[in-house]
Every structure is written in C-alpha cells, then in structure tokens.
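**Student:** Below are the chains, spelled out letter by letter.
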Amino acid sequence: MTPTGKAARFVAAYLAGTLPAFAADLDEKLAPCLSCHGAQGQSELENVPSLGAQTAPYTVIQLFMFREKMRVSDPMNEMTKGLADADLQALADALAAMPPPKPPEDAGDPARLERARALIEQNHCNTCHGPDFSGQQTVPRLADQREDYLLKTLREYKSGARHAYEPIMLEVLQPLDDAQFVEFAYYLAHLR
Amino acid sequence: MNSIRSRSRSLLFAAVAAGTVVAAAPTWAQQPAVNPSSPTQPPVPPSAQPGAGPGSQPLTSPAPASSAQAPAAPPSWMQGAPSTAAVAKLAPVPALPIATAVDKLPTAKLKLPEGFNIEVYAAGLTNARSLRVGDNGTVFVSTRVLDRIYAISDKDGKKEVKTIATGLNSPNGLALHNGTLYIAEINKISKIDNIEAQLDNPPKPTVIYDDLPSDAPHGWKFLTVGPDNKLYFNIGAPCNICMPSDRHAQIRRINLDGSGAEVVARGTRQIVGMDWHPTMKVLYFTENQRDWLSEDQPNDKLNRLLDPGKDHFGFPYCAGGDIPDPQFGWGHSCDEFTKPVAQLGPHSAPLGMRFYTGNMFPAPYQNAIFIARHGSWNKTHKIGGDIVVAKLNADGTVQSIEPFITGFIVDNNYVGRPADIEWLKDGSMLLSDDYNGAVYRITYGPPRQAGMGR
Numbered sequence: 001m002t003p004t005g006k007a008a009r010f011v012a013a014y015l016a017g018t019l020p021a022f023a024a025d026l027d028e029k030l031a032p033c034l035s036c037h038g039a040q041g042q043s044e045l046e047n048v049p050s051l052g053a054q055t056a057p058y059t060v061i062q063l064f065m066f067r068e069k070m071r072v073s074d075p076m077n078e079m080t081k082g083l084a085d086a087d088l089q090a091l092a093d094a095l096a097a098m099p100p101p102k103p104p105e106d107a108g109d110p111a112r113l114e115r116a117r118a119l120i121e122q123n124h125c126n127t128c129h130g131p132d133f134s135g136q137q138t139v140p141r142l143a144d145q146r147e148d149y150l151l152k153t154l155r156e157y158k159s160g161a162r163h164a165y166e167p168i169m170l171e172v173l174q175p176l177d178d179a180q181f182v183e184f185a186y187y188l189a190h191l192r
Numbered sequence: 193m194n195s196i197r198s199r200s201r202s203l204l205f206a207a208v209a210a211g212t213v214v215a216a217a218p219t220w221a222q223q224p225a226v227n228p229s230s231p232t233q234p235p236v237p238p239s240a241q242p243g244a245g246p247g248s249q250p251l252t253s254p255a256p257a258s259s260a261q262a263p264a265a266p267p268s269w270m271q272g273a274p275s276t277a278a279v280a281k282l283a284p285v286p287a288l289p290i291a292t293a294v295d296k297l298p299t300a301k302l303k304l305p306e307g308f309n310i311e312v313y314a315a316g317l318t319n320a321r322s323l324r325v326g327d328n329g330t331v332f333v334s335t336r337v338l339d340r341i342y343a344i345s346d347k348d349g350k351k352e353v354k355t356i357a358t359g360l361n362s363p364n365g366l367a368l369h370n371g372t373l374y375i376a377e378i379n380k381i382s383k384i385d386n387i388e389a390q391l392d393n394p395p396k397p398t399v400i401y402d403d404l405p406s407d408a409p410h411g412w413k414f415l416t417v418g419p420d421n422k423l424y425f426n427i428g429a430p431c432n433i434c435m436p437s438d439r440h441a442q443i444r445r446i447n448l449d450g451s452g453a454e455v456v457a458r459g460t461r462q463i464v465g466m467d468w469h470p471t472m473k474v475l476y477f478t479e480n481q482r483d484w485l486s487e488d489q490p491n492d493k494l495n496r497l498l499d500p501g502k503d504h505f506g507f508p509y510c511a512g513g514d515i516p517d518p519q520f521g522w523g524h525s526c527d528e529f530t531k532p533v534a535q536l537g538p539h540s541a542p543l544g545m546r547f548y549t550g551n552m553f554p555a556p557y558q559n560a561i562f563i564a565r566h567g568s569w570n571k572t573h574k575i576g577g578d579i580v581v582a583k584l585n586a587d588g589t590v591q592s593i594e595p596f597i598t599g600f601i602v603d604n605n606y607v608g609r610p611a612d613i614e615w616l617k618d619g620s621m622l623l624s625d626d627y628n629g630a631v632y633r634i635t636y637g638p639p640r641q642a643g644m645g646r
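The listed protein sequences correspond, in order, to chains F and G. Counting with the working numbering, you get residues 1 to 192 for the letters of the first sequence. Counting with the working numbering, you get residues 193 to 646 for the letters of the second sequence.
Any given hint might turn out to be false.
Said to hold, decoys possible - Only pairs whose alpha carbons sit at most 25 Å apart, straight line, appear in this in silico SDA-like list of lysine to any residue:
1. G:Lys571 to F:Gln137
2. F:Lys69 to G:Pro395
3. G:Lys396 to F:Val72
4. F:Lys81 to G:Lys396
5. F:Lys81 to G:Asn379
6. G:Lys296 to F:Ala90
7. G:Lys296 to F:Arg115
8. G:Lys531 to G:Leu498
9. G:Lys502 to G:Gly523
10. G:Lys531 to G:Asp499
11. G:Lys380 to F:Arg162
12. G:Lys571 to F:His129
13. G:Lys396 to G:Asn379
14. G:Lys380 to G:His369
15. G:Lys296 to F:Ala94
16. F:Lys158 to F:Thr127
17. F:Lys158 to G:Asn361
18. G:Lys502 to G:Asp488
19. G:Lys350 to F:Ala84
20. G:Lys396 to G:Asp449
21. G:Lys396 to F:His163
22. G:Lys350 to G:Gly523
23. F:Lys158 to G:Lys380
24. F:Lys69 to G:Lys531
25. G:Lys351 to G:Asn386
26. F:Lys102 to F:Gln136
27. G:Lys380 to F:Leu170
28. F:Lys69 to G:Ala408
29. G:Lys354 to F:Ala86
30. F:Lys81 to G:Val294
31. G:Lys571 to F:Val72
32. F:Lys29 to G:Thr292
33. G:Lys350 to G:Val294
34. F:Lys69 to G:Gly316
35. F:Lys102 to F:Arg115
Unchecked claim - Covered stretches of chain G (in silico footprint by chain F; criterion: 3 or more residues with CB under 8 Å from a CB of chain F, positions within the stretch not fixed):
36. 330-344
37. 562-572
Derived by calculation from the structure, the hints in this document are not laboratory data. Heads up, the beta-carbon is just placed ideally off N, CA and C, and yes, glycines get one too.
Please build the complete structure, drawing on both the sequences and the hints.
**Tutor:** Written out as structure tokens, the structure is:
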C-alpha cells in the first residue's frame with residue numbers, strides 16, 4: 001500500500017468514526033516518514049534507513065537528536081521541527097510495530113557471508129545488537145538494514161560525523177577499518 | 193565492618209534465601225555496603241595469571257596479517273567483562289531524552305526521615321545533572337548526554353525554565369563564582385560573566401582553557417571553585433580499566449582566567465562530585481570504581497585531598513582502597529595509595545555531594561556530607577538510587593553513613609536516579625534526577641501550604 005493509500009484509509013476510518021482522533025493525527029504525522037522510509041517499514045531509497053520493527057527507544061533518541069539538531073541531516077531536522085515529546089514516542093512506537101525489513105532476493109556470496117559472520121562475532125556486535133541483530137531497547141535493530149545505510153553509518157561514527165547519544169559506538173569502531181565496515185554491512189544486509 | 197553493613201547484608205541474604213525478591217526486604221536493607229570505616233578486608237587473590245583473564249588483550253602476539261583478524265577492543269564499559277549469560281543482561285541504563293511529566297514523577301514513592309518533605313521544584317529539564325544556585329536565586333542545571341544548560345528562575349512563585357546555552361560537548365560541570373558561570377565540557381572550560389543579568393539573551397561562553405583530552409568515555413567533568421579561587425575539575429580514565437596516560441585519571445586546578453594549570457591529584461578513575469569542607473577547607477570527592485571485578489567489589493569511594501600534588505588514589509593499581517587490581521595490581525600494595533575516608537558500596541555510583549551549612553535542617557546534619565548515589569548497573573540486584581548522609585568527626589574522618597532519601601529502585605528497576613545536590617538560600621535541598629529530567633526540593637518542618645514560600 002502506498003503511504004497515500006494508507007493515509008486515505010485512516011482518514012476514511014476517522015470520518016466513519018471508527019478511529020479515535022489521536023490515531024488519525026498520528027497517521028498524519030507518520031505518513032511523511034513512510035514516504036521516504038518505506039510504507040511497509042522497508043526503505044527503497046539510497047542511504048535512507050528502513051525503520052520497520054526498529055526498537056522504539058532507539059528511534060526516540062534519534063528523533064530527539066534530529067529535532068534538537070544534535071544530529072545533523074537537513075530533511076530530518078526539518079521534519080522533526082515542532083514535534084512534541086509525545087509525538088516522538090508515538091512515532092517510534094508506530095514504527096516499532098511495523099514489519100521488519102526483508103532480506104534482498106539475492107542471497108549473497110555464501111563464502112563471503114561466512115567470513116563476515118566470523119568477523120562480526122569476533123567483534124562482539126551480537127552481544128548488544130542481539131544474536132539475530134534485532135536490537136534491544138536503545139540498541140538498534142540492524143538485521144536486513146540497507147547495506148548502503150549501514151556502511152554510511154559505520155563511516156560516520158568512525159569519523160565523528162555522526163553524534164552518538166552515548167559514546168559506545170565511537171569506542172567500538174575506533175580500532176576498525178573501512179574494509180571491515182564493508183563486510184559488516186554486507187553481512188547485516190543479507191541476514192536470513 | 194560496621195553494623196549497617198553487616199545487618200543489611202544478613203537481611204539481604206535472608207531475602208534471597210527465602211526466595212523473595214530483594215525489593216521485598218525492608219527499604220534500608222536494599223542499600224547495603226556503606227562502610228565508613230577504613231578498609232580492612234584482605235586483598236582478593238587473583239584467580240588467573242595477569243593478562244590471561246577473560247576479556248584481556250594478548251600482549252605479545254604479532255600484528256595480525258589481515259585486519260579481518262584483529263579483535264576489536266570492547267567499549268570501555270565492557271572492558272574486563274567475562275562472557276557469561278548473566279553478564280549479557282548487565283549494561284548501562286541510558287535515560288531516554290524525554291523528561292517525565294510532572295504528575296508521573298516518583299516523589300510519592302520516596303522515603304525520607306521524619307519531618308522532611310519532598311516536592312517537585314521543576315520538571316521538564318531533560319537529563320538534569322549538576323546544580324548551582326546564583327546569588328539572585330537562579331538555579332543552573334547542566335546535562336551530560338544533551339548539549340545544553342538550563343536556568344530555572346522564580347517569577348512570582350512560578351518556575352520558568354530557560355535553556356541558556358546549547359551546542360556544548362557533554363557540559364556536565366558547572367560552577368558559579370562572583371556572578372560568573374563556569375562550564376566544563378569534555379574538552380574545554382568556558383565562562384559567561386554576569387550570567388544572572390543576561391538570562392534572556394546570554395552570550396556564547398568564552399573559552400578559558402582547552403588543553404584537555406577529547407575522549408568521550410568518562411570525559412564529562414565536575415567543576416568547583418576552591419577557597420584559593422581556583423577552578424578544580426577531574427579528567428577521568430577513558431576506559432573501565434586501563435593504564436591511563438599522564439593527562440588522564442586526575443584532578444587539575446586552573447586560575448579563573450585559565451592560566452596556571454596544575455595536577456593536584458592522580459589515580460582517580462572518575463569523579464562526578466566534589467565539595468569543600470566548610471571549616472577545614474579541604475576538597476572531598478566521590479570516586480567511581482571499576483566494573484566487572486565482581487558483583488560485590490570494589491567499593492566506590494569518598495576521598496579527601498589532604499596533600500595536593502602528591503596524593504595518588506590508586507587507579508589502576510588498587511580499587512576501592514583495598515582490592516589490588518587483578519591485572520594492574522601486581523608489584524603494588526594498596527598501602528602505597530591514599531585511602532578513602534569511606535567506602536560507599538560496590539557499583540553504587542556516588543555522584544553529587546555537598547556539605548550542609550544551612551539553617552533549615554536539624555543540628556546533627558550541620559557540616560555533614562549529603563551524597564547522591566546514582567545507582568548501579570553492573571550488579572544483578574541494583575543498589576544505590578538514594579541519598580546518604582556522611583557525618584564527620586572533628587578531624588574530618590567519617591563517623592557514620594546513614595540513608596537519607598531512599599526508594600528510587602522499585603522491583604530492581606529505577607523510578608528515578610539522583611545525580612546532584614545543591615542548597616537554596618533558605619537551607620532547603622535541591623536534588624536533580626537525570627533519569628526523569630526533574631529537580632526536587634527537600635525541606636524540613638511542617639509541610640508548607642500550597643503556593644506558599646516556594
């Protein structure tokens with residue numbers, strides 16, 4: 001379903017009196033998110049993350065940092081401007097309830113994936129992000145995230161371009177290099 | 193061991209043995225292991241060869257042929273962690289960047305000694321940390337995971353909260369001196385002169401000192417002005433446990449213009465609270481000790497600096513004043529280092545501390561130290577999450593440590609986390625809670641009528 005289609009469905013439901021006002025209001029706020037991040041929680045746009053089933057506490061923190069310009073991204077700083085704290089929480093909860101992104105049809109190179117899996121475990125990524133990389137609390141889901149976005153994020157944490165709410169990722173990535181980031185992103189984007 | 197410790201320990205064991213949750217024990221029993229005596233426990237023998245324990249890094253292996261083979265250093269908060277299933281559940285407890293609504297704050301759950309009252313002073317101050325009160329009554333509140341400083345003004349009995357600085361790098365440390373607000377970020381100290389006259393249009397802070405490491409782990413600072421009119425601040429160890437550089441794990445002082453930097457204490461792992469003894473004019477400070485040594489060791493500490501420039505408080509060789517570090521303690525004895533004046537419980541995370549010199553609280557609290565224990569994360573059954581009061585002997589040693597405000601831990605979860613303490617002019621206490629983004633006020637005497645005297 002397209003974002004417009006989904007919004008239209010909610011508007012119809014609202015007019016029919018089958019939805020409370022706040023649900024329609026939430027959907028109005030969610031629609032612009034989904035237009036880039038994907039109607040089904042799966043982004044089709046380059047460098048734009050999929051947000052379906054993302055942990056709500058993580059999303060709240062990111063939305064807050066965008067709103068306060070502690071994390072800089074022109075579209076996101078603009079989109080979050082004027083949102084109330086309750087909106088951040090409601091949007092994060094709604095995204096967390098959407099289906100997780102699906103792995104790409106191309107299953108990937110088994111030998112490369114196996115090497116990448118070993119590298120990931122060696123670096124303890126699965127300790128916090130979970131054995132299935134579905135995340136927990138403030139630690140984000142990584143499973144089947146877009147490969148380009150994963151790589152961009154790893155590079156931005158390493159270079160300091162992306163502000164971290166707590167410094168954990170900055171520390172973990174300091175001893176690692178770009179060749180490893182490429183493998184991490186490849187593995188996480190192809191999880192099955 | 194003093195009686196508080198042994199009694200609460202036995203109650204704790206009784207509760208566990210009976211199969212009840214610890215939270216079912218009496219409130220005081222949830223706050224064990226506050227020990228004002230000097231450390232007397234025998235050192236724990238290391239159970240493994242140095243450097244061979246879980247989580248340690250190989251010291252002599254050749255450089256890996258491929259970068260894909262290089263094991264990553266764990267983040268500082270995980271260094272030294274063994275890999276067991278129980279450990280996987282222990283991690284720092286980050287607060288969400290959304291302040292708790294005023295009607296959801298936990299004041300009704302908190303327990304205070306008879307005659308004391310607690311009320312919400314101001315809410316909506318996300319991540320409220322260090323507190324300072326200006327000459328005109330403005331309350332300044334810092335943040336650690338945010339980038340800003342708040343000011344709370346009283347307008348005809350109504351609290352008005354303004355954000356007076358943003359874009360700062362973990363600006364935890366605040367000090368006020370002769371009308372100037374000093375701000376300690378991770379990598380610089382700055383100031384705003386005459387701040388209370390400029391709350392509506394404050395200028396950008398002016399940097400006075402920036403010869404500082406930029407490490408984020410334990411990079412946040414506490415800031416205080418000494419009786420010598422110098423600024424004192426800590427530089428933490430950028431790790432859980434490591435050999436710090438000669439620029440880390442220390443207290444420095446600088447002149448009010450940023451000149452004349454000196455190291456006055458070494459071997460301090462991380463400090464988030466300091467204050468000056470009202471009559472002896474000696475610096476006391478809380479110090480947080482390493483994680484992952486065990487559930488019950490080492491104790492966090494209350495220290496005092498008697499010999500500026502010479503005192504070494506033990507990091508990384510000796511933890512808690514009495515435990516040689518299993519990795520770095522070899523070849524050292526805890527007796528080489530300055531002992532704490534009190535142990536404050538393992539992992540309990542004592543942060544803000546202030547001496548009481550006001551005239552509202554009863555006489556026994558005069559010149560006592562009130563300490564905010566932020567509470568543990570590296571411990572299965574949480575401890576801390578309270579305010580304790582340390583009463584001192586005439587020579588400045590600790591006579592007793594007693595609970596003062598308890599109840600921030602309910603069913604092993606936080607309902608709030610105390611961060612810093614400061615005094616209003618009337619002698620009442622302000623207490624910040626960075627978990628809820630709130631500041632509370634604690635008074636002694638009959639509860640006031642609503643809307644009066646606030």
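**Student:** Run every hint past the structure and note whether it holds.
**Tutor:** Hint-by-hint comparison with the structure:
no.	hint	in the structure
1	G:Lys571 to F:Gln137	holds (19 Å)
2	F:Lys69 to G:Pro395	holds (20 Å)
3	G:Lys396 to F:Val72	holds (21 Å)
4	F:Lys81 to G:Lys396	holds (23 Å)
5	F:Lys81 to G:Asn379	violated (29 Å)
6	G:Lys296 to F:Ala90	holds (18 Å)
7	G:Lys296 to F:Arg115	violated (49 Å)
8	G:Lys531 to G:Leu498	holds (11 Å)
9	G:Lys502 to G:Gly523	holds (20 Å)
10	G:Lys531 to G:Asp499	holds (12 Å)
11	G:Lys380 to F:Arg162	holds (20 Å)
12	G:Lys571 to F:His129	holds (21 Å)
13	G:Lys396 to G:Asn379	holds (16 Å)
14	G:Lys380 to G:His369	holds (18 Å)
15	G:Lys296 to F:Ala94	holds (23 Å)
16	F:Lys158 to F:Thr127	holds (20 Å)
17	F:Lys158 to G:Asn361	holds (17 Å)
18	G:Lys502 to G:Asp488	violated (30 Å)
19	G:Lys350 to F:Ala84	holds (22 Å)
20	G:Lys396 to G:Asp449	holds (16 Å)
21	G:Lys396 to F:His163	holds (21 Å)
22	G:Lys350 to G:Gly523	violated (60 Å)
23	F:Lys158 to G:Lys380	holds (22 Å)
24	F:Lys69 to G:Lys531	violated (45 Å)
25	G:Lys351 to G:Asn386	holds (21 Å)
26	F:Lys102 to F:Gln136	holds (19 Å)
27	G:Lys380 to F:Leu170	holds (20 Å)
28	F:Lys69 to G:Ala408	holds (19 Å)
29	G:Lys354 to F:Ala86	holds (20 Å)
30	F:Lys81 to G:Val294	holds (24 Å)
31	G:Lys571 to F:Val72	violated (36 Å)
32	F:Lys29 to G:Thr292	holds (22 Å)
33	G:Lys350 to G:Val294	holds (14 Å)
34	F:Lys69 to G:Gly316	holds (19 Å)
35	F:Lys102 to F:Arg115	holds (22 Å)
36	330-344	holds (count 3)
37	562-572	violated (count 0)
Of the numbered hints given earlier, the model fails hints 5, 7, 18, 22, 24, 31, 37; all others are met.
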